[in-house]
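Q: Below are the chains, spelled out letter by letter.
There are 2 protein chains.
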Amino acid sequence: MTRPKAYILLIGNELVRGSVADVNGSLAARELERIGFKVVGFEIVGDDDQAIERVLRASGEKAEVVIVGGGLGPTDDDMTRGAAARFFGRELVFNPEAWENIEAWFRNLKRKTAPDDRRQAEFPAGAEVIPNRHGTAPGFFYRQSQTRYYFLQGVPREFSAVLEEEILPRLRKEFSLPPPQTFRTLKVFGISEARVGAIIFGLARSFPQVTVGTRFYFPEIWIDLESEDGKALEAVVSRARSEFSSHLFGENEERLESIVGKLLTEKGWKLALAESCTGGLVAHRITEVPGSSNYFERGVVTYSNPSKVELLGVSPDLLKKFGAVSAEVAGAMAEGVKKNSGVEIGLSTTGIAGPTGGSPEKPVGLERIKIFASAVALDWLRRYLMGEKEGHGS
Amino acid sequence: MTRPKAYILLIGNELVRGSVADVNGSLAARELERIGFKVVGFEIVGDDDQAIERVLRASGEKAEVVIVGGGLGPTDDDMTRGAAARFFGRELVFNPEAWENIEAWFRNLKRKTAPDDRRQAEFPAGAEVIPNRHGTAPGFFYRQSQTRYYFLQGVPREFSAVLEEEILPRLRKEFSLPPPQTFRTLKVFGISEARVGAIIFGLARSFPQVTVGTRFYFPEIWIDLESEDGKALEAVVSRARSEFSSHLFGENEERLESIVGKLLTEKGWKLALAESCTGGLVAHRITEVPGSSNYFERGVVTYSNPSKVELLGVSPDLLKKFGAVSAEVAGAMAEGVKKNSGVEIGLSTTGIAGPTGGSPEKPVGLERIKIFASAVALDWLRRYLMGEKEGHGS
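Which chain is which? The protein sequence lines are B and G, in order. Okay, so the first sequence: first residue is 270 according to the numbering used here, each after it adds one. Okay, so the second sequence: first residue is 270 according to the numbering used here, each after it adds one.
Just so you know, these hints were derived from the structure itself, not from any lab. Among these hints, one or two may not hold up.
Just so you know, same-sequence chains aren't split out, so a pair can sit in one copy or run between any two.
Keeping only pairs whose Cα atoms sit at most 25 Å apart, straight-line, the calculated SDA-like set for lysine to any residue is [to be verified]:
1. Lys539 to Glu579
2. Lys307 to Asp346
3. Lys307 to Ser475
4. Lys608 to Ser573
5. Lys274 to Ala320
Because the structure is a prediction, the values reported are computed rather than measured.
Produce the entire structure from the sequences given, and follow the hints as far as they go.
A: Following this line, the structure appears as structure tokens:
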């Protein structure tokens, strides 16, 4: 069974100039491939009437489905609606019902609409409006000869939500799609990408029907597996689990912090944090997980020595003898926050995070060290909760 | 003076399937714009002979310079060389000098070449080889009628190095380029995108030589200005500053947290934080700024009521009377952390951040509320430090 072809168009001056790297295209490609389409290409053009018309025409010759992201906002540089109307040979028509929804969105936020907001309720005559429950600008659908065009807002959060809620369900209904590819992402921490690659490409050699790729998602390595043959995929996953053992911490959407949350919930334990070099990032990651208030009791970010003494009971002598960045002080911090809060687990971080380079506004080195240290801390906690002896939790 | 046009082609199955998001395209666009080209578009296609030929042809009609990334490796799915040779109507010819360099690269790494590696030394007859000092596959240059094609390896590290070392110097020599564009990004918080757009596009109407764009960088609005005419650009910036007044908080790489850091440093004040709904995110943002240990004394993340009482001295009666999510408790939290730490400024956040939707692994709503609340807190702090009366700092 041949897969129907899809093409992705992304519109925005900021994209074509390289001020921003596109994220919508790869998301849409992944999702379309997942449900059985073959994505044959992307094209990115600026906010330019003629360029938009040209790519709408060209993509219609290449694919049965064209996803268009961007240029639906309320400002003068949002040109997609107008260019689409010209390409389809239709007038732009104001849609009162869509406008009511936009007004309701603003009322909800207790904000007023501006006159330019009305543009977001104009669509080429004959287009079907696609609701957007995540922002102001609705999308729209238009069919021109053999090609279905779907237009979405370019704000990544809105693009991804409308794609998921509106576009994919329509496509599943309108096309008879081949069995979907099965995808699996395995997440590994604590081994180099080259070693991960050597192991996984080695394993996969016996399963030519499984496509393998690796990605460095700092500081984790992600392994992407893809196949139409679910059994072969499972075989690779199971061998990878045994090869990577506890370095493999999760799959697909799982994160270190969500795994830690599950383990804490299973044990019925509560956690308290004492952070120094990670500056609140561990607490931020822990509290990104819904329900974390059930197991996260408190955190302290003790940047100064007095705060370590006052909030955690670290002894001034210990600080003097070993310095703030020492295993001894880290241990005392974790013990202090555990004791003060009465929880089962205290976790601490300490170290020097920066500044190590970049400009004051772009502290790349600093950010990377914080991210790395937070991953190490969460991974230690995960291993400790799984009963490994080398856990550094207190 | 008109800018010569450039087009960017990116080739790879992993890109077109969305397994990996492209990074070469936006880098090349930024660099080409910086030296005076106008990038008119990107196209991404898979490792497919016919698709590559098609995009080589189509891009030649749109631009004088085409940068092609990817598909130059040694494996069966590297098809760019062959497709280019067919499109140019030339044979693929083995280049002994290029092969010597490839062999030297392998010798250097104490590795052996494989038979397939020889493919990397084949180029369309008449092409000029472009050295790659960062990997095995050299690039090449070919001129077809009015269009110059530059082919580069797709590995991002090699692509960026060869672009910088080989391609940009050639382009500067071969083209007479206009003075570079000046770019400026203004950052606004607290007004809707439509209102920002109406104001800035209104202002810019008197300055047709300045190109304007707006972006929603949640929850901030970013205004991109671009012009060859530095004076006109400055005029727009200065009018925007007066129109947006204190809603305009920064420019270019500045962030709310770096502005707050500057203001605290100027005043010689120290900051302490008491976070509830933001769960450590404000501390994380503050400590992203190098040098923040000079003004950030401590933070506490008080998720539980006991932690608010014990760490901040919030009275249990106040918690009972008004609830944890109240202006009264927020005030007591900020006062408590200020008093305990002896700093000049205490800042607190409280509210209900979630869970409000998404899956346990993808808590979209929660994340947004935390980001929004952290921006509001940092913006209040900024306004308070600038001497505005409505600051909610304590």
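Q: Look at each hint and say if it fits the structure.
A: Do the hints match the structure? See the list:
{"no.": "1", "hint": "Lys539 to Glu579", "in the structure": "both (22 Å within a copy, 17 Å between copies)"}
{"no.": "2", "hint": "Lys307 to Asp346", "in the structure": "between (31 Å within a copy, 17 Å between copies)"}
{"no.": "3", "hint": "Lys307 to Ser475", "in the structure": "within (23 Å within a copy, 47 Å between copies)"}
{"no.": "4", "hint": "Lys608 to Ser573", "in the structure": "both (20 Å within a copy, 15 Å between copies)"}
{"no.": "5", "hint": "Lys274 to Ala320", "in the structure": "both (22 Å within a copy, 13 Å between copies)"}
Hint check: no violations occur; every hint is consistent with the structure.
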